[in-house]
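Q: Take a look at the letters that make up each chain.
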Amino acid sequence: MESPKKIDSPLDRLDNLFLGFGRIIAWANGLLILVIVLQVTLRYGFNNGLVVLEELEWHLFGLAIMFGLSYAVVKNSHIRVDLISNRFPEKVRHWIEVLGALFLMLPFIVAVTIHGYQFFLDSWIHSERSVAPLGLPWRWAIKAVIPISFVFFGTTIFLRMTRSLLFLFGNRHGNQ
Amino acid sequence: MEINDYLVIAMFVSFIALLLSGYPVAYCLAGTSILFTGIGYFSDQYLGTITGLDFNYFGLVVPRIFKTMTNWVLISVPMFIFMGLMLDKSGIAERLMVSAQELFGKVRGGLAITVMFIGVLLAASTGIIGASVVMLGLISIPAMLKQGYHKTLALGTVASAGTLGILIPPSIMLVVMGDQLSVSVGDLFLGAVLPGLLLAFLYVVYLLVYCYLKPDVAPLAPDRRPITWGVLFEVIKRVIPPLFFILSVLGSIFTGIATVTEASGVGALMAMFLAIFYKKFNFSVLKEVICSTYNTTAYIFGILIGATCFALVLRGLGGDELVERLLTSLPFGDYGIIAFILFIVFLLGFFLDWIEISLIVLPLVAPVVSALDIAVNGYGVVSRPEVIWFIIMVAVTLQTSFLTPPVGFALFYLKGITPPSINLSDIYKGVVPFIILQLLGLLAIILFPQLVLWLPAFIYG
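Taken in order, these protein sequences are the chains called Y and D. My numbering puts the first sequence at residues 127 to 302. My numbering puts the second sequence at residues 559 to 1019.
There's no promise every hint is true.
Stated by the list, open to error - Within a straight-line C-alpha distance of at most 20 Å, the following computed DMTMM-like cross-link-like pairs (lysine to aspartate or glutamate) qualify:
1. D:Lys795 - D:Glu660
2. D:Lys625 - Y:Glu254
3. D:Lys625 - Y:Glu181
4. D:Lys625 - Y:Asp208
5. D:Lys973 - Y:Glu254
Stated by the list, open to error - Not the full set, but computed from the structure, chain D residues with beta-carbon under 8 Å of chain Y:
6. Leu577
7. Pro582
8. Tyr585
9. Tyr599
10. Gln603
11. Thr607
12. Gly610
13. Tyr615
14. Trp630
15. Val631
16. Pro636
17. Gly860
Everything labelled a hint here was simulated from the structure, so no lab data went into it. None of these values were measured; they are calculated from a predicted model. C-beta: ideal position from N, C-alpha, C; glycine also.
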């Protein structure tokens, strides 16, 4: 997929877009290390932990795990139990990918996205913020991560399904 | 049985069938959850069941996902993963390997013991069964084979040392299990120390005795130096930084100075310093570690989110009550029920990693275990001692399961990284003695819960 010689198909370009975005969000974990260390220093060194930092920790964590979902789809690193399926012909494996996306994952993602959007909307209407007086404002922003990251998740699964369809119905871009 | 019960069974069966199709585990869980929301809805309409499942009920998954995002304890998971990957990249494992070998070079089986030692020390931080076995195998199998070790011995050692790593703290598995059953992760870490050391001790004794009785399976290194004070000093100098590192991370948790999350963040930073100290650190290493941390975290939490949805719908169908009813109606008595649960966990371990098992099975059986009439002494210090004891038993059972032919996880990962001249049957033969030792260890924990509970009670008491 990432060999430089081949001309990228539109699918590859989209995949790369998601990978690039993932590589940026990935730094949330690096930032998380710094925030935790800062908080520890303040708490133990100066006896004065900050609520803001504490909340920032789970904001970063939440951001990373939710957007990671689509990254892992593109990387094809979601764990599979492949003891038996290894022996399936490649065609069968692609059919599983297509049917699974159509009947399981895409409906699931649409349902979560709709509910997630409601969840965000509730928070947005009430301009929800942290209950702690010194906490972070904009609680709706982190809640918006759920529907947005699920749209990403759904899109990458759709792209994967398209790849499998291309493979099944004869197109050289379908190979992976 | 009522229609509800059949639906619960159908849900489990579809999940397992989907799993075997090679569709990603996280998707199988998530997909079954939406599928059975639909099935539950229609069965309410046409079959007269009262599951209450519909599109709105399914909406409850969103607050649950949000609760995962705000989960304080789970923040430590990416931190420990970062720490493990960074330690791996810093070349500490190789360094330890070389130095420990100098020390144990004169002992028969010394190299195998070194591997065991490194497995315990380092695999602890990677947590994922595949990752620890692969890492350990890559650095140690070539060395052992080069020295003329019999291949079954070499393979058995790596597989068992790698799986031992998932038990020994800081183990991600214990973080997730503790979070699921809402017990203190600190208690669990401490509880795992003695059982882990017991298993390591059994392994080492076995290796020593076996290599003494059959010297040809483990030849000594031809170029070994005699142990002088100089060598000893050199070894100590090399071992101290990583040892200090591991002990300070664990120590701050054990002594209650820091929370698990705080210790994990500081540990991640210290791992980075260690890599700088060994001159293995640069920006591209950092980038690589950051990206793999992101990736590993993503697939763990993919399964976690899938399992959350699965559990929600299963509860809607009445799965919790069904499992409880089934377990309590077993005619085995209290220990029998525990043995039965462990047996099921053992079987599941053949095709599921610990993540799925701790997320799906543990919450289902936990109420039954809490209600059993087995007096587990928490010394008045440890809260919910029977749950701590139970979790450690499950952990050791899983570990055994990962080692057990024909389909143990560790065995396949090991096969994947060894030269083609090594057959799966060599690996199978190699792990048999270790499985027996595992079962001995498990039996000891079942019979003597104090093995788990004494240390947390002693430290916190």
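Q: For every hint, state whether the structure bears it out.
A: Now for the hints, and whether the structure bears them out:
1. With a C-alpha separation of about 13 Å, the suggested pair lysine 795 of chain D and glutamate 660 of chain D falls inside the 20 Å cut-off, and the hint holds.
2. Our distance criterion of 20 Å between C-alpha atoms is met by lysine 625 of chain D and glutamate 254 of chain Y, whose separation comes to about 16 Å.
3. Note on lysine 625 of chain D and glutamate 181 of chain Y: the hinted pairing holds, with a Cα-Cα distance of about 13 Å set against a maximum of 20 Å.
4. At roughly 31 Å between alpha-carbon atoms, lysine 625 of chain D and aspartate 208 of chain Y are farther apart than 20 Å, so this suggested pair is violated.
5. Between lysine 973 of chain D and glutamate 254 of chain Y the alpha-carbon distance is near 53 Å, which puts this suggested pair outside the 20 Å criterion.
6. Interface hint status for leucine 577 of chain D: upheld, as the beta-carbon distance to the closest one in chain Y is roughly 5 Å, under 8 Å.
7. Restraint check, proline 582 of chain D versus chain Y: the minimum CB separation of about 4 Å is within 8 Å; hint holds.
8. With 8 Å as the threshold, the beta carbon of tyrosine 585 of chain D comes within range of chain Y, its nearest partner Cβ sitting at about 5 Å, so the hint holds.
9. Below 8 Å, beta-carbon pairs count as interface contacts, and tyrosine 599 of chain D has none with chain Y, the closest being about 12 Å; its hint is therefore violated.
10. A least Cβ separation of about 18 Å between glutamine 603 of chain D and chain Y goes past the 8 Å threshold, and the interface hint is therefore violated.
11. Given hint, threonine 607 of chain D at the interface with chain Y, is violated; its Cβ is 21 Å from that chain's nearest Cβ, farther than 8 Å.
12. At a threshold of 8 Å, the smallest CB-CB gap from glycine 610 of chain D to chain Y is about 16 Å, leaving the interface hint violated.
13. Because the beta carbon of tyrosine 615 of chain D sits about 10 Å from the nearest beta carbon in chain Y, more than 8 Å, this interface hint is broken.
14. At about 7 Å, the closest approach between the beta carbon of tryptophan 630 of chain D and any beta carbon in chain Y falls short of 8 Å, and the interface hint on this residue holds.
15. Below 8 Å, beta-carbon pairs count as interface contacts, and valine 631 of chain D has none with chain Y, the closest being about 11 Å; its hint is therefore violated.
16. The beta carbon of proline 636 of chain D is positioned within 8 Å of a beta carbon in chain Y (closest approach about 5 Å), and the interface hint is therefore held.
17. Contact between glycine 860 of chain D and chain Y, as hinted, is supported at the beta carbon level, the nearest pair being about 5 Å apart and thus within 8 Å.
Violated hints for the displayed structure, listed by number in ascending order: 4, 5, 9, 10, 11, 12, 13, 15.
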